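These are the residues of each chain, in order.
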Amino acid sequence: MFKLRDTRTSLIALGVGVSVAIMGAFSHAEPLGLGETATEEQIAGWDIDIRPDGKGLPDGRGTIEAGEALYEERCATCHGLFGEGEGRWPVLAGGQGTLKDERPTKTVGSYWPYASTLYDYIRRAMPFTAPRSLSDQQVYDVTAYVLYLNEIVEEDFVLTKESLASIEMPNKDNFFVDPRPDVKNTRCMDKCADPKKLMIAGTLKGITPVGHFVEGADAPAASHDAQMEKEREEEKLRKAHITGEALSTQHKVKAASLSELALAGKATYEGACKVCHGSGLTGSPKVGDSDAWSARIKKGMPQLLDHAIHGFSGDTGVMPPKGGRVDLSDKQVEQAVAYMVESSQ
Amino acid sequence: MSKIIKGPNTRELMEQMVQESEHLSINDRRDFLRKGVVAAAGIAATTFAGRSISAEINPANLPPNEPAWGKQLGHGVVEQPYGLPSTFEKQVVRRTVPWLTADSIASISMTPLQDLKGIITPNGLVFERYHGGVPQINPDEHRLILHGLVERPLIFTMEDLMRFPSVSEIKFIECPANGGMEWKGAQMEALQFTHGMLSCCEWTGVPLRVLLEEAGVKPEGKWILAEGADGAHMSRSIPLEKALEDTLVVYAQNGEMLRPEQGYPLRLLNPGWEGNTSIKWLRRLEVGDQPWYHREETSKYTDLMPDGRARKFTFVQETNSVITSPCPEKPLVKPGFVEIEGLAWSGRGKIKHVDISFDGGVSWVPAKLKGLVLDKALTRFSLVTKWTGQPWLLQSRSVDETGYVQPTLSQLREVRGGNSIYHKNSIHTWKVAPTGEVTNVQIT
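If you read the protein sequences in the order shown, they are chains P and V.
Those letters in the first sequence? Residues 12 to 356, by my numbering.
Those letters in the second sequence? Residues 47 to 490, by my numbering.
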């Protein structure tokens with residue numbers, strides 16, 4: 012056990028005198044007695060970490076078959092059926108042999124040094140919209156499957172405490188401890204470079220949101236929301252261009268036409284519901300898509316609200332109670348539902 | 047007043063350089079990647095929509111007239127129980143670049159460095175980085191568990207933690223990906239996006255070593271795992287030496303309790319180290335005998351080198367600096383006197399010198415360090431000079447107390463290639479056009 016340096020000497024050197032002598036009596040040589048002893052049970056509930064040597068792994072037995080079903084249900088909407096990643100969501104598989112390329116693809120298989128990290132990360136953070144919702148057993152299954160997608164294990168592999176710690180990841184030996192400082196500049200003051208040899212390259216206009224200081228800038232949107240809207244509009248334009256169809260503006264959310272209840276729900280919607288309902292993730296009806304909502308709206312507000320508050324498993328997916336945000340009041344959920352419904356009529 | 051004497055020779059040199067740069071930037075095209083970069087050494091005339099232009103000026107409020115606000119009363123006390131900035135400052139906000147991430151919940155926003163004064167970042171403007179959004183934590187229900195290789199595992203309430211003797215320290219916090227979009231070429235058209243993953247606050251809390259002493263670390267203890275209480279349960283392994291040296295367990299920032307975005311009610315702060323090690327919403331510290339190699343220290347926050355191998359545990363934020371005035375958001379508006387200002391910082395200690403170059407790094411003059419010069423804190427520098435409409439290639443170069451000199455981009459690229467994402471601390475260049483417009487360019 013280490014000891015802290017006694018603070019008395021340095022304080023006395025500063026001439027703080029008597030009060031220091033009193034403080035000295037309480038200086039940190041002795042514990043202050045603050046905090047309680049943590050019980051084993053308390054620790055066990057939170058101690059979720061796994062180490063490369065397998066320390067921390069619970070009992071369990073993961074199979075590719077069970078993992079596949081779970082992966083397709085809970086992970087594929089974002090990470091793609093084969094781990095290829097939908098849209099900008101992370102890629103989980105492939106990329107082996109690309110680390111020296113101009114554009115490397117860093118994945119579990121191509122980059123991660125330890126398989127334990129995968130179990131640990133899925134258990135602590137995935138699926139993204141419902142962290143800590145999988146059982147330890149389910150984490151084994153889906154971990155086995157992601158390893159399988161990366162061709163690190165065979166189809167009949169069974170993932171256990173022991174087998175996981177013994178997996179050798181392909182890129183394991185390619186990490187080394189930070190050697191910085193690795194470059195050495197000098198404080199030259201004059202004739203430090205040959206002006207004739209300097210190469211100057213500027214930025215490509217239009218890839219940063221600069222509307223706040225450049226007038227009439229053709230720049231991307233300033234928020235994820237607006238960016239999604241922009242991409243949707245571009246896609247519509249593109250399609251209309253191909254089909255020669257006239258553009259309908261029907262889907263646009265018109266803030267002016269929203270009720271007060273709905274307007275009050277916008278913030279809740281954005282903070283708690285948009286992850287799924289903004290894009291139609293996990294089979295949720297997308298806000299603004301009147302086709303996806305018309306049949307639901309016919310059920311009536313009370314039923315929709317009941318489903319939103321208590322959860323609902325329908326034909327297209329699972330709506331978790333309050334979208335997983337149990338901290339929300341019923342009122343907030345009601346406002347959010349109103350916002351979603353009125354924006355989707 | 048002017049420290050720089052710009053003779054006609056320098057001016058000729060500058061003009062020649064600008065002409066060359068236009069030429070080179072076109073030849074250079076091939077060298078940059080798909081989306082990357084290019085061009086724009088030639089100045090596309092852009093109009094600036096600064097506040098003074100977009101806001102209407104009512105002459106009735108100008109002298110000799112008595113302005114409207116002098117002829118009526120304003121609002122009384124506690125109209126705003128928690129005060130807000132003037133409505134005329136509404137452009138001073140955090141901003142994001144949406145295409146960088148799939149969603150706003152696992153994403154990043156940047157501090158408007160171009161609008162800040164001094165070295166302290168106001169709480170509402172500290173850059174944001176979340177992996178699972180901002181949790182709303184009831185402090186009475188928040189607990190910190192300290193366990194693992196300790197004599198006595200402990201569980202603390204916020205009240206317990208706030209009873210420990212506290213310390214307050216001014217430290218910067220920077221995301222190691224700050225500037226990371228610029229490894230392969232200049233991409234970001236504004237200071238907020240090139241350098242804004244950076245903030246500096248006065249943090250109040252308990253030194254981690256005091257808590258460790260309370261629990262009693264066993265001799266085998268070498269590493270500490272820190273973990274968040276949010277949905278991402280963000281985790282990082284931190285060597286015990288750092289924890290004993292200067293890591294803080296923090297509950298307040300700039301005089302008030304932490305903002306939810308900054309980890310309310312409790313966070314870690316590893317001064318001078320990459321921001322993600324300063325785990326927010328801190329709920330657990332485990333002492334172990336080896337690192338855990340979690341996702342945020344393997345898949346992410348490791349630096350890929352050109353040979354396909356990667357550096358791990360790249361903790362320190364090496365010295366860096368940037369000129370914040372002028373910058374793309376704050377162009378030069380009038381010839382005459384200008385104060386060039388900027389920020390310098392080092393994760394290894396104090397800033398010792400900052401030099402400024404007007405000619406793309408050919409010659410340098412020392413700037414003055416202004417105000418407080420603190421260990422691992424933002425340090426403001428300044429140089430008063432005159433601008434007569436000449437083009438500038440403005441750069442700043444910091445030197446920290448270890449003698450390490452901020453490197454050039456070429457020096458970094460030569461060793462690290464273009465795919466390491468993190469820790470790009472190279473000398474930054476703003477090109478000042480004769481119109482006063484400022485753009486982001488790279489000089490190699």
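A portion of the hints provided could be inaccurate.
[Said to hold, decoys possible] Pairs of lysine-lysine residues, derived as DSBU-like cross-links and limited to a Cα-Cα distance of at most 35 Å, are as follows:
(1) V:K230 / V:K414
(2) V:K414 / P:K195
(3) V:K432 / P:K202
To be clear, the hints were calculated from the coordinates, so they are not data collected in a lab.
Remember, predicted model here, so these are calculated numbers, not experimental data.
Right, here's what the structure says about each hint:
For the given pair, K230 of chain V sits about 32 Å from K414 of chain V by alpha-carbon distance, which is consistent with the 35 Å threshold. At roughly 23 Å between alpha-carbon atoms, K414 of chain V and K195 of chain P fall within 35 Å of each other, so this suggested pair holds. As the CA atoms of K432 of chain V and K202 of chain P are separated by approximately 22 Å, the hinted pair is consistent with the 35 Å bound.
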